Amino acid sequence: MLPGRYLPIYIALLLGTIAVPARAATIQITMQDLVFAPAEVSARVGDTIEWLNKDVFAHTATARNGDFDVTMPPKKAVTSVLKKAGTIEYYCRYHPNMKAVLKIEP
Amino acid sequence: MFVRLSAALAALSLLGSAALAQGAKPTDPQIAHIAYTAGVIDIAAAKQAMTKASNKDVKAFAQDMVRDHEAVNKQALDLVKKLKVTPEDNDTSKTLSKQATDKLAELAKLKGAEYDKAYVANEVAYHKAVNGALETQLIPSASNAELKSLLQTGLKIFQGHQQHAEHVAAGLK
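Chains as they are written, first to last, in the numbering used here: chain A, 34 to 139; chain B, 7 to 179.
Calculated from the structure, these hints are not laboratory results.
No experiment lies behind these values; they were computed from the predicted model shown.
It is possible that part of the hints are untrue.
[Claimed, not checked] Simulated pairs of lysine-lysine, DSS-like, Cα-Cα distance not exceeding 25 Å:
1. Lys-87/A x Lys-108/A
2. Lys-115/B x Lys-65/B
3. Lys-162/B x Lys-132/A
4. Lys-162/B x Lys-108/A
5. Lys-179/B x Lys-123/B
6. Lys-100/B x Lys-154/B
7. Lys-179/B x Lys-115/B
8. Lys-108/A x Lys-154/B
9. Lys-88/B x Lys-87/A
10. Lys-134/B x Lys-53/B
11. Lys-87/B x Lys-87/A
12. Lys-53/B x Lys-123/B
13. Lys-80/B x Lys-100/B
14. Lys-90/B x Lys-31/B
15. Lys-80/B x Lys-134/B
16. Lys-154/B x Lys-132/A
17. Lys-115/B x Lys-62/B
18. Lys-162/B x Lys-80/B
19. Lys-108/A x Lys-80/B
20. Lys-87/A x Lys-162/B
21. Lys-88/B x Lys-108/A
22. Lys-80/B x Lys-87/A
23. Lys-132/A x Lys-134/B
24. Lys-80/B x Lys-109/A
25. Lys-154/B x Lys-87/A
26. Lys-109/A x Lys-162/B
27. Lys-65/B x Lys-132/A
28. Lys-87/B x Lys-108/A
Make the full structure from the sequences, and use the hints.
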C-alpha cells in the first residue's frame with residue numbers, strides 16, 4: 034500500500050461528494066437577430082432558463098406541445114423553471130421562423 | 007383571390023422594374039427610403055386592422071405588425087442618421103405608396119369576417135412581395151455593410167411575419 038497512489042483517488046472521492054447533490058443549474062438562451070442560441074440545449078427538470086432577448090423586437094419561446102409559453106419584451110431577460118421532462122421543440126409565436134429544441138432530462 | 011394575387015405580383019414586378027428602369031441598381035439612400043416606406047405601409051394597414059378587425063388573432067397580429075415595423079423603422083432612422091444618409095424618394099417608393107393607398111381604400115369597404123380574411127391574405131401577399139424584393143434587389147444592391155445587415159434582419163422579421171400571417175389565415179378558414 035503506497036499512500037501516494039491513493040491520495041489522488043481520495044481527493045477525487047472527496048470532490049465527488051461535494052459535487053454529487055445535483056444542483057439546479059441556470060442556463061442562458063439568447064435571442065439575437067431572430068435566432069435562438071444555442072439552437073439545442075440539454076437541461077434537467079428544476080433547471081432555470083434565463084431567456085435573454087438582445088433584439089429590439091419582442092419574442093416568445095412557445096413549446097409546440099404546450100408545456101411552456103414565455104414572452105420576452107425587447108432587450109429584457111426573463112427566467113423560467115423547467116417543470117416537465119421531454120424533448121421540446123419551441124418557436125416564437127411572433128416570428129415562427131425562429132425555432133429551437135430543449136432536451137429536458139427528468 | 008385573382009385580384010389579390012395579381013396585385014401582389016404587380017407589386018413584386020414593379021419593385022424590380024422600377025429600380026431597373028433607372029438603369030442601375032438602387033442607391034443606398036433609395037434603398038433606405040424603399041425599406042422605410044415598406045414598413046410605413048404595413049403599419050398603416052395594421053392600424054386600420056386594429057380598428058376594423060373582429061377576430062382576436064387578427065387584431066393581435068395587427069398589433070404585432072405595428073410593434074415590429076415601428077422597431078425596424080426606428081433602427082433604420084437611427085442608422086441613416088448615423089451614416090449621414092438622407093433617404094431619397096424614388097419611383098419604387100412612390101409605386102408602393104400608391105398601391106398601398108388603393109389597397110387601404112379597398113379594405114375600408116369590407117366588414118367583419120370578410121375584412122379579416124382580406125387583410126390577412128393581403129399581409130401574406132405583401133410580405134411575400136417585400137421579401138422577394140429584399141432578397142433579389144435591395145440586399146444585393148446595398149453597398150453599406152450596416153445597411154445590408156439591417157436589411158437582412160428586416161428580411162428575417164418579414165419572413166417571420168409572412169409565416170405568422172399564413173398561420174392566422176389558416177385559422178380563419
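Going through the hints against the structure:
1. A threshold of 25 Å between alpha carbons decides the hint, and for Lys-87/A with Lys-108/A the separation of about 5 Å falls inside it, so the pair holds.
2. Distance check on the hinted pair: Lys-115/B and Lys-65/B sit about 18 Å apart at the alpha-carbon level, within 25 Å; holds.
3. Between the alpha carbons of Lys-162/B and Lys-132/A the distance comes to roughly 13 Å, so the proposed pair stays at or under 25 Å and holds.
4. Between Lys-162/B and Lys-108/A the alpha-carbon distance is near 18 Å, which keeps this suggested pair within the 25 Å criterion.
5. Pair hint Lys-179/B plus Lys-123/B holds up; C-alpha atoms about 9 Å apart against a cutoff of 25 Å.
6. For the hint pairing Lys-100/B with Lys-154/B, the CA-to-CA distance comes to about 22 Å; that is within 25 Å, so the pair holds.
7. A hinted pair counts as satisfied when its Cα atoms are at most 25 Å apart, and Lys-179/B with Lys-115/B qualifies at roughly 21 Å.
8. This hinted pair checks out: Lys-108/A and Lys-154/B have alpha carbons roughly 22 Å apart, not beyond 25 Å.
9. Restraint check for Lys-88/B and Lys-87/A: satisfied, since their Cα atoms lie roughly 21 Å apart, inside the 25 Å limit.
10. Under the criterion of a C-alpha separation no larger than 25 Å, the hint pairing Lys-134/B with Lys-53/B is consistent with the structure, at around 20 Å.
11. This hinted pair checks out: Lys-87/B and Lys-87/A have alpha carbons roughly 22 Å apart, not beyond 25 Å.
12. For the given pair, Lys-53/B sits about 16 Å from Lys-123/B by alpha-carbon distance, which is consistent with the 25 Å threshold.
13. Pair hint Lys-80/B plus Lys-100/B holds up; C-alpha atoms about 21 Å apart against a cutoff of 25 Å.
14. Among the hinted pairs, Lys-90/B with Lys-31/B is consistent with the structure: their alpha-carbon atoms are about 21 Å apart, no more than 25 Å.
15. Between the alpha carbons of Lys-80/B and Lys-134/B the distance comes to roughly 22 Å, so the proposed pair stays at or under 25 Å and holds.
16. With a CA separation close to 24 Å, the supplied pair Lys-154/B and Lys-132/A stays within the 25 Å bound.
17. For the hint pairing Lys-115/B with Lys-62/B, the CA-to-CA distance comes to about 20 Å; that is within 25 Å, so the pair holds.
18. Between Lys-162/B and Lys-80/B the CA atoms are separated by roughly 17 Å; this keeps the pair inside 25 Å, and the hint holds.
19. The hinted pair formed by Lys-108/A and Lys-80/B meets the criterion: a straight-line CA distance of about 15 Å does not exceed 25 Å.
20. Between Lys-87/A and Lys-162/B the alpha-carbon distance is near 15 Å, which keeps this suggested pair within the 25 Å criterion.
21. About 21 Å separates the Cα atoms of Lys-88/B and Lys-108/A, which keeps this hinted pair within 25 Å; it holds.
22. Our distance criterion of 25 Å between C-alpha atoms is met by Lys-80/B and Lys-87/A, whose separation comes to about 16 Å.
23. A distance of roughly 20 Å separates the Cα atoms of Lys-132/A and Lys-134/B; the hinted pair therefore holds under the 25 Å criterion.
24. Restraint check for Lys-80/B and Lys-109/A: satisfied, since their Cα atoms lie roughly 18 Å apart, inside the 25 Å limit.
25. A distance of roughly 19 Å separates the Cα atoms of Lys-154/B and Lys-87/A; the hinted pair therefore holds under the 25 Å criterion.
26. For the hint pairing Lys-109/A with Lys-162/B, the CA-to-CA distance comes to about 20 Å; that is within 25 Å, so the pair holds.
27. For the suggested pair Lys-65/B and Lys-132/A, the alpha carbons sit about 24 Å apart, so the restraint of at most 25 Å is met.
28. A hinted pair counts as satisfied when its Cα atoms are at most 25 Å apart, and Lys-87/B with Lys-108/A qualifies at roughly 22 Å.
The structure shown violates none of the earlier numbered hints.
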